[in-house]
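Let chain A serve as the given structure and place chains B and C on it in line with the hints.
Residue numbers (the numbering used here), protein chains in the order written: chain A, 705 to 1025; chain B, 1055 to 1379; chain C, 68 to 442.
These are computed hints drawn from the structure, not numbers from a lab.
Hints may be right or wrong, so weigh each one.
[As the list claims (entries may be wrong)] In silico SDA-like pairs for lysine to any residue, Cα to Cα no more than 20 Å straight-line:
hint : chain 1 : residue 1 : chain 2 : residue 2
1    : B       : K1280     : C       : P180
2    : B       : K1290     : B       : R1177
3    : C       : K157      : B       : T1176
4    : B       : K1280     : C       : D156
5    : B       : K1181     : A       : L760
6    : C       : K273      : C       : I208
7    : C       : K200      : B       : R1295
8    : B       : K1280     : C       : F90
9    : B       : K1280     : C       : I208
10   : C       : K136      : B       : D1277
11   : C       : K136      : B       : D1183
12   : C       : K157      : B       : R1289
13   : B       : K1290     : C       : F90
14   : C       : K136      : B       : R1177
15   : C       : K136      : B       : Y1184
16   : B       : K1290     : C       : R193
17   : B       : K1280     : C       : A138
18   : C       : K347      : C       : L368
19   : B       : K1290     : C       : K273
[Stated by the list, open to error] Only some residues are given here: those of chain B computed to face chain A with a beta carbon under 7 Å:
hint : residue
20   : A1073
21   : E1207
22   : G1314
[Stated by the list, open to error] One side of the interface only, derived from the structure: several residues of chain B facing chain A at Cβ under 10 Å:
hint : residue
23   : V1065
24   : P1097
25   : A1203
26   : F1317
27   : Y1343
Beta carbons: idealized from backbone N, C-alpha and C, even for Gly.
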Amino acid sequence: MTQPGMPSDRHDGPDTTLEDRDAPDPGVQPGMGHDVAVRTRSQRQLILRRFLQHRLAMVSLVLLLLLVAGSLIGGTLWRYDYAEQLPAFNEPPTWEHPMGIDDIGRDLFAKVLRGAQRSVQVALLVAFLSTTVGTIVGAIAGYYRGIVDSILMRITDLFLVIPSLAVFLLLARIVGGGWFQLALIIAAFFWMPLARIVRAEVLSLREKEYIEAARALGASDLRIIGRHLLPNAIGSIIVNATIVVAVAILTETALSYLGLGIAAPDTSLGLLVSEGQSAFKTRPHLFYWPGFLIITIALTVNFVGDGLRDAFDPRQKRVRQ
Amino acid sequence: MLGFVVRRLIVSIIVLFVASVLIYFTVTSFGDPLGELRSRNPPVPEHVIEARRVAIGLDKPAHERYLTWASGVVRMDFGDTLQGQPVNELLWRRLQRTMRMVIASVVLSLVLAVGVGVLSATRQYSKTDYFFTFSGFLFLSMPVFWLAALLKEFAAIRVNQLVGRRIIYTTGSESPRLTGDFWDRMANYAGHLVLPTIALALISYAAWSRYQRSSMLDVMESDYVKLARAKGASRKRVVFRHGLRNALIPLTTVVAIDFGAVFGGAIITEQVFGWSAMGNLLIQGLRDYDVNVVLAWMMVTGVLVIVFNLIADLLYGVLDPRIRQ
Amino acid sequence: MIGATTSTNTDPVLEVEDLTVSFPTDDGLVEAVRGVSWSLGPGRVLGIVGESGSGKSVSANALMGLLPKNARISGQARFNGDELLAMSDKELATLRGSRLAMIFQDPMTSLNPVYRIGWQISEAIRLHDDVTKAEARDRSIELLRTVGIPNAEERVDNYPHEFSGGMRQRVVIAIGMANNPDVIIADEPTTALDVTVQAQVLDALKAARDATGAAMILITHDLGVVAGSADDVVVMYAGTGVEIGSVDDIYYEPRHPYTLGLLGSLPRMDQKSRRLTPIKGSPPSMIGIGVKCQFAPRCPLATDICWQEEPPLYPTDTEGHVSACHHWESLREVTDPSQVFTPVEIDGGSEDEVVAAPDPSIRPDDEPPGEEASS
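With the rest of the complex left out, here is chain A (with noise of 0.2 Å):
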C-alpha cells in the first residue's frame, strides 16, 4: 500500500488465497491392520509451527515486543519526564543527559521516549478498534447482506475518490490535537478494508455445506458466525491487523509532521521528525533517531505480518537449490 493512505485490502491479491480451513485432520487411520502411531496436528498447532519456523519474523517479532515494551513504559522508567523544566537549556548530549536539552529546557531523550509512547498507543489503539470494528460490520455485511452490506459498500467507495489523507488532516483539524482523538480519527477509516476482507471471506463460505448442516442442527447465527464462518477468516484478520498497526503508526507520525496531528504541549515522533529538522544542522540526531524508531517499528511489524501471512497459507514448499 502506498502510505499514508488506507491500508489496501486488494494488495493482498496473490499472496492470501485461504481455502476452507474445516477440513477435518484425517488423525488415527482405522482398519490398518498393524499398530500405527500417527501424531494428530491440529490446525493451530501447523499454523504456529510454520510461525515459528519463520526465523525473520521470529526475530522481528522479538525487536517488536521490546520496542513496543520499551515505548509504553520507558517514559516512566527514565529518570526525567519528558515536561520537566531543567535548570540548563541548548546543551549537547552527555551520559547524563543521552540527547542533550533542548531550547527551553528539556530532556531531549525523555521527549523522544514520550514521543514513541504516544505514537506507539495511537497505533495499538488504532489497530485493535479498526480491527473489531471492522470483523464485526464485515460478518454482518456479508452473512445477512441488506441494508449493512449497502452501506458498507457505498461507504468504502466514498474513500476510493477522496485521498485519505486529506480526510485526516480536515478531521484532525477540527478535533484537535490529542493523541486519543486522533487514534479515533484514524482508526474511524481504518476498519473499512478489513470490513471488505471478512465480508468477502464470509459470503464465499456461507454456502458451503457444513454451514446449512449447522442450521439445520439449529445453530443460532451468532454461533454460526463466531464458531464456524470467523475463525475461517481469523488468518486475514491477524495479517490485516498488523498491517494496520504498521500504517497507523506512519499515518499518525504523517500528521504530526504536518503540525496537525500530536501537538504541543505533547509530542509525538513525528512532531519530533519536524523539530529534529528545523535543528538538523546542529541536532541531527534529533532527526535520525525518531525517524528510525519509526522506521524500525513499521518493519518489524510488516515481518512479522508476512510470517503470520506465510504461516496461515503458505504458498509454495520451499525447494533447496
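Coordinates of chains B and C only, in the frame set by chain A:
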C-alpha cells in the same frame, strides 16, 4: 464493458457530490473562520467581527451557502477565499505544479516496480530477490516525510558538490523569476522535481513491486507459459511476451486504487520541499477554516482521481480481452 | 531393448532408459520417477497409464526439459539418436515445438488469454520457420480445419475465452502439430473434459497423427482412452513401469496384479453385471520409499520376497511383454480380477475398509506385520 465504465463514472460523480456535501457541512459546522479574530488579545470590537462575518457570508444559513457554492462549481467557479481572492486564480498554477510531481512519481514508480518485480520473480530466492524484497519492506516502512527530509538535507548538497554546481534544488517547484528558453525552463523544473519525485516514488514503488513480483510468479507458473516454452520460445520471450504481458493486468487495478494515496503523499512532499502547490493550499485552507479553499482542493483532486481511474479502466480493457464483452 | 516391440524395421524415434527424476523438498527427497524404460517406434502410439503420483507426467516433462530447475534427472532419453537429457535448454528449445510437441491437460489454462489463437498458432510456426505473417496465418487456418474447428477463417481471430474447453484443446493440438513433429506427447489430454467432448479431442489427435505421421505418447489414467487409441502400453506405479506390452497383451493377458486391479475397477457396459473390485489402499508417498515391491501393501498376492526385493521387469510369455511382479506366472490362470481382489460388498462395509489417503507428511511406516523397523 463500456457500459460498466460509464456506470462506474456516474457512481463516482454521485459519490463526489455526496462527499462535497459532507465536507462542506463538516467544515462549516465545526470550523470557525473567525475563531482567530475572536481569541485575540486585546479583544477585537464586536462590530468589527460582525462586519467581517457578513463580508465572508457567514450570516446566511449553511444550506444556502452550499447551494451558492455548488452553483458556482458547476460553472467552474470555486468562489473566493476568506481574503476575497478568487480561488480559481490560486488553483490552476498550483495544480500544474502538483501534477508535475504526481505524474513524474507515478511513472518512475511504475518503471521501478515492473523492473524489480520481473527481476525478483525470474531470480526467485536469489540474493537479488532478497535484496529487493528487503529494500521493498524498508521503503514500505519508511515515512514519506522522513525520506523526503533526508533527501532534502542530505542528498542535494552532496550531489551539487559532486557536480560542482547547483543542479538539484530543495525549495520550491521552480526558481522565481525564471527566464530562458523552453529547455532552460524544463531543466529548472526537473532540478526542482528530482528529489520530491524520488521520495514519493520510492514509497509507492515498494508496494507495487511486491505485488508485481507476486503476480509475475503466479503467471510464470501458469500452463500457458509452460506451453509457450513447449513451443520452443526463448526464455526472454516467455518472460516478457507471455509472462509480463499477463502480469501487468492486475497491476493496473492496484495502481488505480492507489492514486488517491499518491495525492496524499504529494501533500507531504510538497510541504517538505516548500512547494507552493495544492498541498500547501489545502493546509492553509484548513488552518483558516476556509471552506471554499478546502472544498476546491477536494473537488479538483476527486475529479483527477476519477479521471485516472477511468484511464486505468480503459487500459485494463485494452490489456485484457476477456473483459471486453 | 526393453519394452514394446516395434512392428516396423526402423529404429525407435524415442528411447528411454532408466529415467530417474527426484526433487529435493523441505520434507525430504521426492523420488517421482524411479527408473522407467520404454521405447517408441515411428508412427506408433504408446499409452502411459497410471494413477496420480505414478510419475507419468513428470517423466514426460523431463523429456521436454520442462521440469523446475531443482529437478535431478538421470538416465537416458534418445530422440532420433540424440541424448535429450544432455542437451542445454537452448538446444532443447530448437526441438520443442518443432520435432517434439506437447499437449497439456487443462485446455482452459493452456492458452494465453490475451492473444488471439491465430497469433498463438502462428507463433509456434514462426519460432521454427522463416515465413511471413500471412503465410503463418494461412497455415494456422489450415491446421484449425484439420483438428475440426468449424468456420476456421473467422475463428482464427478469436480469443481463447471465446472457445469451449474441447475446442481449446483442439487448438492446442493444432499448435502441437504445426511443425510436423516426430513425436507428440499428450499429457492427459482428455482428463479435464466431458466424456462426449473427449471423443472429439481423441479424433483431433488421430487427425494430427495422420496429417503429420508423428508418433504419440498418450498419458492418461483412463484405460478406456488407451484401449481405443494406443498400440502399446506402459503401466506405471510408484514411479516406475510395472507392466509393459502391446495393448492386447495388457488388456487380455495382464501379468501384473496392479494392471489386473485397474481392469477390475473399471465399470464395463459390455459385460454381465459384476461387482467392481477396487484396489484397497492408496499409492505410497514418494519420500523415503523403501526397497520392496511398492505395490506389496495393496497386493493380495504379496509374500515375503515381495517385501524384500523390488522386482525387475521379468519377460513373460509374449515378446516385448514384461511384468515387474515376482508372481507374474500365477496370473496365467487368472481370468477375472475378482479371483484376486475382493469385490465390493453392496450391503454394509467389508472388514477391511478403503481408507482415505492420509497426509503424506505424517506417513506411518508401512512395515509388514511382525517385522522390525528397517530402512
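Here's how the hints hold up against the structure:
1. B:K1280 with C:P180: Holds - the C-alpha atoms of P180 (chain C) and K1280 (chain B) are around 14 Å apart, at most 20 Å.
2. B:K1290 with B:R1177: holds, 13 Å
3. C:K157 with B:T1176: holds, 17 Å
4. B:K1280 with C:D156: Satisfied, since the Cα-Cα distance of roughly 14 Å is no more than 20 Å.
5. B:K1181 with A:L760: holds, 16 Å
6. C:K273 with C:I208: Distance of about 18 Å is within 20 Å: holds.
7. C:K200 with B:R1295: holds, 17 Å
8. B:K1280 with C:F90: Given that 20 Å is the threshold and the Cα spacing comes to 19 Å, the pair holds.
9. B:K1280 with C:I208: Cα-Cα ~23 Å, so violated.
10. C:K136 with B:D1277: Within the cut-off at roughly 17 Å; holds.
11. C:K136 with B:D1183: holds, 17 Å
12. C:K157 with B:R1289: holds, 9 Å
13. B:K1290 with C:F90: violated, 25 Å
14. C:K136 with B:R1177: holds, 12 Å
15. C:K136 with B:Y1184: With Cα atoms ~19 Å apart, K136 (chain C) and Y1184 (chain B) stay inside 20 Å; holds.
16. B:K1290 with C:R193: Measuring from Cα to Cα gives roughly 16 Å; hence the hint holds.
17. B:K1280 with C:A138: holds, 16 Å
18. C:K347 with C:L368: Holds, because 13 Å separates the two Cα atoms, which is no more than 20 Å.
19. B:K1290 with C:K273: violated, 34 Å
20. A1073: Holds. Min distance 5 Å.
21. E1207: Constraint on E1207 (chain B) satisfied, holds at 5 Å.
22. G1314: Since the shortest Cβ distance to chain A is 4 Å, the answer is holds.
23. V1065: Because about 7 Å separates V1065 (chain B) from the closest Cβ in chain A, which is inside the 10 Å limit, the hint holds.
24. P1097: violated, 23 Å
25. A1203: holds, 5 Å
26. F1317: Interface hint status for F1317 (chain B): holds (5 Å vs cutoff 10 Å).
27. Y1343: holds, 8 Å
This entry does not satisfy hints 9, 13, 19, 24, going by the numbered hints stated previously.
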